[in-house]
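Asks: Spelled out, the chains give:
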Amino acid sequence: MFEFCADPKAIEGLTWAVCYLTSAKHVLFYWSFLTVLLLLAITAPAALAMGFVGATAARSHIAPVSWLGKLYIWMVRGVPDIIFFLFFVIALDQIIEYGKSLMVCENHAWPWQGLEFRVCPEAKVPLARSSAFWHQAYGFMLAVVTFAIVFGAFVANVIYGAMNAVPRAQLETAEAYGMSRAQVFRRILIPQMWIYALPGLGNLWMILIKATPLLFLLGVKDIVYYARELGGSKTQAYEYPHGDWRLWYFMALMVFYLLFTRISEIGISRLTRRLSHGQATAGGEALRRAGA
Amino acid sequence: MSMTCWETIQAYGLRSIGIGENLLPRSDFTLCQQFTLIGSGMIWNLYFGILALAGGFFLANAIALARTARNPLIRKPADWFVFVFRGSPLFIQFFLAYEALVLLPKGGVDILGIHLNTAWTTRAWAGALLVLFLNTAAYSAEIFHGALKSIPKGDLEAAEAYGLTGWKKFIRIEWPTMLRLGWPAYTNEAIFLFHATTLVFFSGFPAFQQKGDALYYANYFADKTFNPFIPYPIVAFYFILLTLAVTYFYGLVNRRLNRHLPANTRSRIRLRPNLIR
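Each protein sequence line maps, in turn, to chains A and B. Going by the working numbering, the final residue of the first sequence carries number 648, and the count climbs one at a time with no gaps. Going by the working numbering, the final residue of the second sequence carries number 338, and the count climbs one at a time with no gaps.
FYI, nobody ran anything at the bench for these hints, they're computed from the structure. Misleading hints may appear alongside valid ones.
Said to hold, decoys possible - Label pairs and their in silico Cβ distance ranges:
no., chain 1, residue 1, chain 2, residue 2, range
1, B, 132, A, 488, 55 to 61 Å
2, A, 451, B, 177, 51 to 57 Å
3, A, 550, B, 321, 34 to 40 Å
4, B, 217, A, 644, 27 to 33 Å
To be verified - Only some residues are given here: those of chain B computed to face chain A with a beta carbon under 7 Å:
no., residue
5, 152
6, 160
7, 256
8, 300
Keep in mind the model is a prediction, meaning the values are calculated, not measured. Built from N, CA and C at the ideal position, the CB exists for glycine as well.
Please take these sequences and the hints and turn them into a complete structure.
Replies: This is the structure we're talking about:
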């Protein structure tokens with residue numbers, strides 16, 4: 357990056373450290389933090405949407421729809437999530453390729469043959485000739501969808517509970533004013549449920565942050581991948597030889613996560629305070645007293 | 062050479078702890094083999110879960126108490142312990158612990174003339190157990206600390222009116238009430254800890270001689286057969302059974318803790334969504 361870094365073997369001390377920490381691979385490491393943030397930025401709204409659909413389905417008056425919603429919520433409860441992560445990443449990929457093979461391949465044989473999964477080369481996603489970027493992007497997309505499915509079920513559970521927690525009297529008042537069921541849902545239930553959903557959603561946000569290292573297991577080059585790569589001991593053949601520094605790299609990741617969860621905690625408590633204004637809850641009552 | 066299912070169970074039932082057939086199946090994977098080996102792996106999940114919970118319970122009680130101490134020298138370290146273990150991913154904790162344990166001198170250390178062997182600490186049965194023990198202690202301490210703070214004021218005043226003070230008040234009134242109030246949340250913690258044991262062999266700690274947990278073998282089959290639709294549902298099935306068993310056992314304890322209360326005021330255990338740490 358810098359001119360004086362041209363010959364890393366000749367420099368030492370602080371200059372060495374500056375050159376080392378700005379090497380091309382380290383810059384990729386810093387960018388991978390953005391990968392994590394990008395995952396959070398896409399997954400959080402996607403999971404919220406999935407959860408909303410799931411909770412609404414579970415509340416439906418049509419029995420099969422309600423069963424589907426409840427099955428979705430129940431499914432993720434009894435089973436460790438990492439199983440879902442490992443499962444969906446392969447299963448989604450195979451389902452996508454199988455679906456594509458039905459359209460583009462001439463031979464429609466069942467793809468799970470013996471010890472392989474076989475579809476014609478045109479059905480591969482992404483195609484073997486695609487650039488490395490597309491392979492990375494596809495892997496990241498699968499990870500995002502997997503996170504959204506699993507966390508969507510958690511969110512659905514929280515929102516389902518929050519919708520049931522909205523005082524019945526508020527909904528009945530709305531009905532007494534002549535609102536239709538859709539109007540009650542849109543104008544009263546949804547705005548009012550957030551305060552009940554917030555503690556659960558805040559908790560889920562923290563869990564989502566702490567789940568991001570699983571990207572590494574899903575084959576994405578994330579911060580854990582680079583921490584292992586960069587920290588591993590480097591012989592004299594490398595530009596910057598050093599011993600096994602993985603411990604220090606993981607310490608840095610630990611500090612990153614501790615700061616991130618701490619800041620989130622403060623943010624969530626501020627948001628709770630704001631949403632509590634004028635609510636018929638203990639928190640809302642405390643705010644009213646303090647103001648009076 | 063095909064084996065009957067009973068022969069398969071004899072060969073692989075205890076494979077995860079190194080008893081029985083050494084070579085894992087490499088082709089012609091039968092459903093029976095998958096059920097047996099993944100079930101065999103559950104031994105490790107039970108080992109990690111039960112020992113970490115049993116040890117973590119005592120440490121959690123100590124830390125919850127330390128957090129109520131007036132002396133900051135006792136309170137602050139306890140607060141930090143809980144903050145560090147609850148604020149960072151378990152996945153990173155495993156990696157960090159493994160790297161730290163690997164740095165211990167290979168030949169062992171000499172302390173006051175006693176030679177201590179350190180090689181075993183990097184093995185999953187010791188290293189990962191230590192991390193899970195500390196992790197569950199931190200999460201449980203948070204639960205117990207919350208329960209300790211929400212003991213009704215009237216109960217404590219009544220205890221004092223009866224002349225109970227200090228240790229006697231704690232052991233007869235505060236501690237049982239804390240357990241009773243915290244138990245539903247603690248049940249969830251126990252379930253998640255069992256779920257968290259599936260992370261052990263996917264982070265830092267290698268599976269020595271292919272002796273791994275249920276998810277390790279499920280992953281092995283999925284890799285070999287390119288078919289995730291059989292092994293993962295099997296491991297999910299085992300975990301649903303385990304979750305039901307834990308809920309039942311903790312429910313029995315909950316009933317005992319609540320036995321003096323009228324039926325309508327008892328705290329019920331509700332299963333909440335599982336949490337990744």
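Asks: Does each hint fit the structure? Answer for all of them.
Replies: Comparing the hints with the structure gives:
| no. | hint | result |
| --- | --- | --- |
| 1 | B/132 to A/488: 55 to 61 Å | holds, 58 Å |
| 2 | A/451 to B/177: 51 to 57 Å | holds, 53 Å |
| 3 | A/550 to B/321: 34 to 40 Å | holds, 39 Å |
| 4 | B/217 to A/644: 27 to 33 Å | holds, 29 Å |
| 5 | 152 | holds, 4 Å |
| 6 | 160 | holds, 4 Å |
| 7 | 256 | holds, 4 Å |
| 8 | 300 | holds, 5 Å |
In this structure, every one of the numbered hints holds.
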